[in-house]
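Those sequence lines, one after another, are chains W and R.
Residues in the first sequence are numbered consecutively from 2, following the numbering used here.
Residues in the second sequence are numbered consecutively from 2, following the numbering used here.
It cannot be assumed that every hint is accurate.
Given that identical chains are not distinguished, each listed pair holds provided it fits within a single copy or across any two copies.
For lysine to any residue, the following SDA-like pairs were computed, each having C-alpha atoms within a straight-line distance of at most 20 Å [stated by the list, open to error]:
#1 Lys153 - Asn99
#2 Lys153 - Phe123
#3 Lys252 - Gln356
#4 Lys15 - Ser54
#5 Lys126 - Glu250
#6 Lys338 - Asp382
#7 Lys97 - Arg122
#8 Lys121 - Leu95
#9 Lys121 - Glu250
#10 Lys300 - Ile4
#11 Lys73 - Asp60
#12 Lys252 - Glu128
#13 Lys252 - Leu129
#14 Lys252 - Arg122
#15 Lys343 - Ala52
Just so you know, the hints here were simulated from the structure itself, not pulled from any lab data.
Protein chains: 2
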Amino acid sequence: MNIDELRNDTEGCKSVIHFNNAGAALMPKPVAKAVRDYITEEENYGGYEVADSKINELDNFYNSAAQLLNTKAGNIAYTVNATDSYNRALSSMLFKTNDIVLLSKNDYPSNFIAYLSLQKRFGIKIELIENTATGEIDVDDLEKKIKKFSPKLVSVTHVPTSSGIVQPVNDIGNIIKNYDAVFLLDACQSLGQMPVDAAATHADFISGTFRKFLRGPRGAGLLYVSDKALQSGYEPLFPDIRGADWITENKYNPVTNAKRFEDWETAYALMMGSTAALQYALNAGIEAIELRNTMLNDKLRDDLSTFCNIETLDRGKKQCSIITFKAGNKSPEATKKFFRDKGINIYTTSKTSAQIDFEEKHVDWVLRVSPHYYNTEEEIDIFIEAVKSLQALH
Amino acid sequence: MNIDELRNDTEGCKSVIHFNNAGAALMPKPVAKAVRDYITEEENYGGYEVADSKINELDNFYNSAAQLLNTKAGNIAYTVNATDSYNRALSSMLFKTNDIVLLSKNDYPSNFIAYLSLQKRFGIKIELIENTATGEIDVDDLEKKIKKFSPKLVSVTHVPTSSGIVQPVNDIGNIIKNYDAVFLLDACQSLGQMPVDAAATHADFISGTFRKFLRGPRGAGLLYVSDKALQSGYEPLFPDIRGADWITENKYNPVTNAKRFEDWETAYALMMGSTAALQYALNAGIEAIELRNTMLNDKLRDDLSTFCNIETLDRGKKQCSIITFKAGNKSPEATKKFFRDKGINIYTTSKTSAQIDFEEKHVDWVLRVSPHYYNTEEEIDIFIEAVKSLQALH
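Can you build the whole structure from these sequences, using the hints too?
Written as structure tokens, this is what we have:
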């Protein structure tokens, strides 16, 4: 990896030290340019007309996303964010009273809210998978609970929004595949920072977003739908004229591929930006990205411990580019501002994003620092100095 | 209205005669610029950081949308398109076997598909409201059917995608308000070309989009939620961390205003473009836009009749900027291309968008021409010449 070149591709590196890639990463130049250029085309020639003329370029989205997940273009739907993807998948399931869903304790908060809503609406029941002593999902408990509850669905968040733990999704999928449960994988925080091989996860659905580690534009996401799910006839609760053909007054047919989960109306400018982001990540190489991120993360965690006497709160045998800890005495907003005034973008995550995990960790909120491969060791050094001065304040 | 100024504001007027405003209008310069500039800001400083710094500008979206609908900012949700708005509203209703929904025969095709899906999933029943001899919804039949069926929901599309008829929504709402049914109004094709006063419609929900007559970017929409609907506790089936707060492991609270229908992740660049579109339309004046559109439409319909011997297929006492007719012997694709080769953007609509209406009209597809206030009489003259040459082909 040529870091100078990567940074030269990233306009924002001139202005900020961006350690909020788990929020929204800095877009590389080709991504931002793709969005702007497409808007200009639409401005000049009309939205439908430009989409018609660029049908092949737009189609590249599906090929590139398929390459990222090591699957086929027909298994990919374009959506507006990971929650949208997740809920479209969820909406394809018919829930009845006493249906059980099995969740990881570190599932994304919006997922929990969705299940609590399904509980209220349809009387489903939520069961949680226990974690091991090191913090990740206990696959033995998973199998035990699948046998005990025969859940309709198992939901796992690959990397939580509030901690750097990486769940062993392939091991998890290897259990679920032997049972009659749908496996819904939230890969919102993992896509773009580590390889995700759709088939190896044995997931029926995988939701993802572009703005985070894939460095795409905000308001763009993807949904992977397995062949098995497609062939079993899963379709969203509200298909539209993109996802289905209205055949007669009383009949519609869903399209055969994953586009049955899409809406007709699409922000094509953002789709072009997302494609540019996919191609940029694939060119950089996901394995190379993971390797460099691991080096940066190890250094950041070590330096926090060595120079600031701060132990990070992330658990798990495998950890990634989300580093959480407590530092200083300021409020979350003031802490963000403290770093922003020094040209450093970090984020804070509150307990409303991690009711179960933060309860166990006895914290109300944490600092969340999320470097990515285009960040440097020098930037980490500057950040560590800033943490030191935050700690020194009274 | 200073037409030269309006056209000067519209870059696309230099390149095309755009009569596809019912598909996606030409964005005026401030709209396209707002999207591009915001993307550049995000590129330079980070997505979350820019959203934080522009919180007031982003908030203007709600104020501007409220002004358009003559309502309050708290009744507006930002969405990604009209179908998304419509389905989020639909998702807030608990449907049970034999629940009746009452639809206009000219409802948008995606709406029909959604109800057919609800029929398959929950066993609801669909009943249609009859039209009058002049083609619009028969309010007497509406009231008769409400009394007969006690529908859970009445859905009306203000202006269909496939015909220029304008439904008498205020009269319709004046009936529905006396009964215990939710009124869901699809204003996708009416917002931006005619006044829509939310309170006067008595609608519980109004769905709309930005790319059409509001001249905003693609992939942006709005949902109006009435105070009554909010106070009655309607919330989407899948609220997320924007629309609800996760309070404890087993509890969430929806936010009090219409934002409970939004997702956390948002394409803020498109939201800025949508706000610019709203402000542009409000500055031009919706009444002035409607007046000029009526003049252009009358001329276009008259000229088609006088010079091309073509009678348009649009019905209704009140008609708007969607003009449909049959002309020539080419296929739909070849017909679009014929005009596009002459620098004219038009659209074709097939029966899959209007199973009931086109069955009655005995057509499989139609040409759809949709001028907007920035179009000119000279452009219509050029278009009429093109129609003549299409008709002259064998």
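These are the hints, each one checked on the structure:
no.: 1; hint: Lys153 - Asn99; verdict: within (10 Å within a copy, 26 Å between copies)
no.: 2; hint: Lys153 - Phe123; verdict: both (13 Å within a copy, 18 Å between copies)
no.: 3; hint: Lys252 - Gln356; verdict: between (44 Å within a copy, 10 Å between copies)
no.: 4; hint: Lys15 - Ser54; verdict: between (36 Å within a copy, 19 Å between copies)
no.: 5; hint: Lys126 - Glu250; verdict: between (37 Å within a copy, 13 Å between copies)
no.: 6; hint: Lys338 - Asp382; verdict: within (19 Å within a copy, 59 Å between copies)
no.: 7; hint: Lys97 - Arg122; verdict: both (9 Å within a copy, 11 Å between copies)
no.: 8; hint: Lys121 - Leu95; verdict: both (15 Å within a copy, 11 Å between copies)
no.: 9; hint: Lys121 - Glu250; verdict: between (33 Å within a copy, 14 Å between copies)
no.: 10; hint: Lys300 - Ile4; verdict: within (17 Å within a copy, 62 Å between copies)
no.: 11; hint: Lys73 - Asp60; verdict: within (13 Å within a copy, 40 Å between copies)
no.: 12; hint: Lys252 - Glu128; verdict: between (37 Å within a copy, 15 Å between copies)
no.: 13; hint: Lys252 - Leu129; verdict: between (39 Å within a copy, 15 Å between copies)
no.: 14; hint: Lys252 - Arg122; verdict: between (27 Å within a copy, 13 Å between copies)
no.: 15; hint: Lys343 - Ala52; verdict: between (43 Å within a copy, 19 Å between copies)
Checked against the numbered hints above, the structure breaks none of them.
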